[in-house]
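K.L.:
Residue-level listing of the chains:
There are 4 protein chains.
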Amino acid sequence: MSNATHSATLLISAPDKKGLVAAIANFLMTYNANIMHADQHQDNVEGLFLMRVQWDLRGFTLPMDDFAAAFEPIAREHDMSWKVSLSSRKPRMAIFVSKYEHCLVDLLHRWRIGELDCDIPLVISNHEDCRRLVEFNDIPYHVIPVTKENKAEAEAEQFRLLEEAGVDLVVLARYMQVLSHEFVTRYPNKVINIHHSFLPAFDGAKPYHRAFARGVKLIGATSHYVTEDLDEGPIIEQEVTRISHRDEVDDLVQKGRDLEKVVLSRAVRWHLDQRILSYSNKTVIFD
Amino acid sequence: MSNATHSATLLISAPDKKGLVAAIANFLMTYNANIMHADQHQDNVEGLFLMRVQWDLRGFTLPMDDFAAAFEPIAREHDMSWKVSLSSRKPRMAIFVSKYEHCLVDLLHRWRIGELDCDIPLVISNHEDCRRLVEFNDIPYHVIPVTKENKAEAEAEQFRLLEEAGVDLVVLARYMQVLSHEFVTRYPNKVINIHHSFLPAFDGAKPYHRAFARGVKLIGATSHYVTEDLDEGPIIEQEVTRISHRDEVDDLVQKGRDLEKVVLSRAVRWHLDQRILSYSNKTVIFD
Amino acid sequence: MSNATHSATLLISAPDKKGLVAAIANFLMTYNANIMHADQHQDNVEGLFLMRVQWDLRGFTLPMDDFAAAFEPIAREHDMSWKVSLSSRKPRMAIFVSKYEHCLVDLLHRWRIGELDCDIPLVISNHEDCRRLVEFNDIPYHVIPVTKENKAEAEAEQFRLLEEAGVDLVVLARYMQVLSHEFVTRYPNKVINIHHSFLPAFDGAKPYHRAFARGVKLIGATSHYVTEDLDEGPIIEQEVTRISHRDEVDDLVQKGRDLEKVVLSRAVRWHLDQRILSYSNKTVIFD
Amino acid sequence: MSNATHSATLLISAPDKKGLVAAIANFLMTYNANIMHADQHQDNVEGLFLMRVQWDLRGFTLPMDDFAAAFEPIAREHDMSWKVSLSSRKPRMAIFVSKYEHCLVDLLHRWRIGELDCDIPLVISNHEDCRRLVEFNDIPYHVIPVTKENKAEAEAEQFRLLEEAGVDLVVLARYMQVLSHEFVTRYPNKVINIHHSFLPAFDGAKPYHRAFARGVKLIGATSHYVTEDLDEGPIIEQEVTRISHRDEVDDLVQKGRDLEKVVLSRAVRWHLDQRILSYSNKTVIFD
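Protein chains in written order, with UniProt numbering: chain A, 1 to 287; chain B, 1 to 287; chain C, 1 to 287; chain D, 1 to 287.
Simulated from the structure, these hints should not be mistaken for lab results.
You may find that some hints are simply not true.
When chains are identical, the list treats them as one kind, so a pair holds in a single copy or across two.
Stated by the list, open to error - Below, simulated EDC-like cross-link-like pairs (lysine to aspartate or glutamate); rule was C-alpha separation at most 16 Å, straight line:
| no. | residue 1 | residue 2 |
| --- | --- | --- |
| 1 | Lys99 | Glu72 |
| 2 | Lys151 | Glu163 |
| 3 | Lys151 | Asp56 |
| 4 | Lys17 | Asp56 |
| 5 | Lys90 | Glu72 |
| 6 | Lys190 | Glu115 |
| 7 | Lys90 | Asp66 |
| 8 | Lys282 | Glu232 |
| 9 | Lys17 | Asp43 |
| 10 | Lys17 | Asp203 |
| 11 | Lys255 | Glu115 |
Only a predicted model underlies this, so the values are computations on that prediction, with no experimental measurement involved.
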């Protein structure tokens, strides 16, 4: 592997105590790391130290194959959880979609112009509707219908495709099906969903109808990691837009589409850029 | 009464049907009204027509004492609810406050520089804390302690003061007490509250603590008319601000203060300017 | 022409005086118009009355072919400028694009899902780059290279295509060429441009680079009608987003794309919905 | 000096190179610093490393009187500019005001409730108007009229008062006078101004009138350090709010007041919290 123009990103969480920054900085300096970005956070309530550091691999004297062995003693000493990623290894992302295509169109365009640094080996849907669009982007499109009766088999088929494709991240781009316990536990913090409300307001079904009925003056959208508790996973990003008494449900749906696209795409980009650490059902988004 | 530089504002709601605008416009034209602002809205779901029209009283040939008699036949024909207000008669506003003074400071300053066009005959509190500030503004300050035991007598004393002062509008500027059924029904759509969350999220107590615990990325504030159902009244205005993982509960409280001030003051100004029509637990805010 | 499910929209501007609303309301009532939306505005500085009224053509007893003859006497009496549009006649929109495709992708998707109610008979570009995308949407794609030398001939060819296609509206979706005086005067208030800054800040070239150099904390985008004075035409819509010291020029470009898409698409939708009146180098956006 | 409950904040800028973080972290660890917050930034365009680190002084084994001597060798080795501040030493802030009191009211209230951690030894004005308000807050109020003729003497009197009071920061809370070259060079990055527009748009006089004339859809406010070039100093914070065709100049002024208060108070708080580093006519705002 040539390290030219490549970088490594290290995400760390540990019980907060003195000397953590020095330990990490000294380790990296030992191998002549050229740090490009570093950001850290201390959660004083949980007593946690969280850090993201990215460095240029040019001139880094530790082969990345030996990184784990070299870093592990320090990690153990400070009780760190850690994960390192290489920019040379593109994440592989699957998109799940039903019939609404606006988030899918948006994600595919961002991917095509290089805003999302990943491979997209497949799109999975329970409907035929988006095939032409997906295939226009030269991505395989798999239709797996889901019913109450076949849910287990449908997911088995999804797992087979995801594993075959070596998928790291699943994005639910308005995929109108609830994932099983098994799905969620297989992909912890690896499934991102977009919910079309400002959670925790209007969790569950038909949020735009309920926002209209309640007479709120702003509507929102929320992207989050999927956990077993529906709409209760760690929130990654939220955004709102103003509505007025002149807006009917259809107007809310239309204005909401713009929110959903932006809020989902930010979450996906931050995840792909290794900028999210999730703990205690919250997220840290590193700058 | 001299009409010079004065205006009248008419708020109307009626079952929607053809000819409503023409009926109102012709009535006003008959008496030579010079319309300054007009705004209307049709709620297609409820089948309602809602209108606000404001006109200069100079040159208006119908004495306002005779307005009701002249307009009533048209109102009856079209099944209108209506209310007319004169700019020459300033609304009288009472402010209720507990210990947090930021909304009070804000309202008093806006009032002093003419942003809120009303008289403030009194401020009522269950604590002594804000006396010096209120009296600096030459407004009488009444302390009425409220406990579980004396709640009925305390409200009786409040009613006496409000009636004596001829109060039209009660503003709860972070008044930390729940009003009784009797209070709310005495002042329908005449009590404005500020809730320190983006309702319906985090209704009830300690919203900033709960927002922090849930890990939301935006916090909000909501002003609404007080009804019998706590935090369920018609929403007048909402606003949000961004927070991050770096913000602790105290930061939320601090950022929230700026939201609360802006959101409450807009609601009060719009109410004083006769720009709000409330129906079906929603509000129309006329431009 | 069957009027079933169709509507008409009337835009009016006139010197402000008493009786205008009554005159218009009475005219429409005479022919049994069922008003769906009405909004009006008085510009007190300019002494102008501006109105938009939309009505259902079912039950309207005046054939729309006779509308002009019937309305003209009223218009003349009150010195009105007016324009009526029928929902049955879809506007025809041309899109001009260079190499950046994000606004084009966005407009085409909104059009495909019905958010933009128009026909798109052609896309014109000075480059080949977007051909595949446009043709995927079954829209003819015309490449007309533009150089300093051939500018007049290039525009002549553009005019020929626009006229042949009966185009009502030209949208410059990041078309990186300045239009001639002749172009602008041929299509007054009919060419919408997106400028990638918060005008009047950073008008002219390379606004993201200049915003970065100046160290602003927010960047913006502006959609406007094109006039002879570059970047000086009537502003239709603006929006901003927050940046920080961590954002480099490339980040501004990326964040700006999301603004440009939203700000341009709103302008186009409002124009297509006959919701914009332009005067004194400003716009009124009717609700 | 007791270090109990006190903290120190170190701001550093240096040419970017390897080992800076390790050098600083090791220095602090040597003296057993308990780091509370750390944030750093690399400006890749300028090749600069910028850092803010705050630590608890309890248990810190280096007396702060010896800090400079101990840190200077490291600073020299890495060519650092640096500045350390102690929370035990409250900054001293002077406020300059003319007749508009909204920013002054806002700052004084934030100060009273502890949002601004500073002493305010005096307020200086060229008018009597705000005396009662300032003295209500038990702060000395000095009126120094300024005319073309007496400008030099007036500033001399201002300098005398500022020096006598040991002022670290001057806040221009809508002070409608231009400061001299001498004033600005005496207090580099120590004078904060609020400009009532979204700079660089509408720099100079009467920005609300010019925003109205241009027909923009958003208005803004900007806080910045004052430099010799009027309205050209490093921007600290900006915010905008939406306006519509219904807003006249007076409405812009009213909406703008809310922006000015928020944008100025954020700048002041960040400055007092040692969170701003200024370079190349830009600011870094540390989290």
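K.L.:
Need the list of violated hint numbers for this structure, in ascending order.
P.N.:
1, 2, 3, 5, 6, 7, 10
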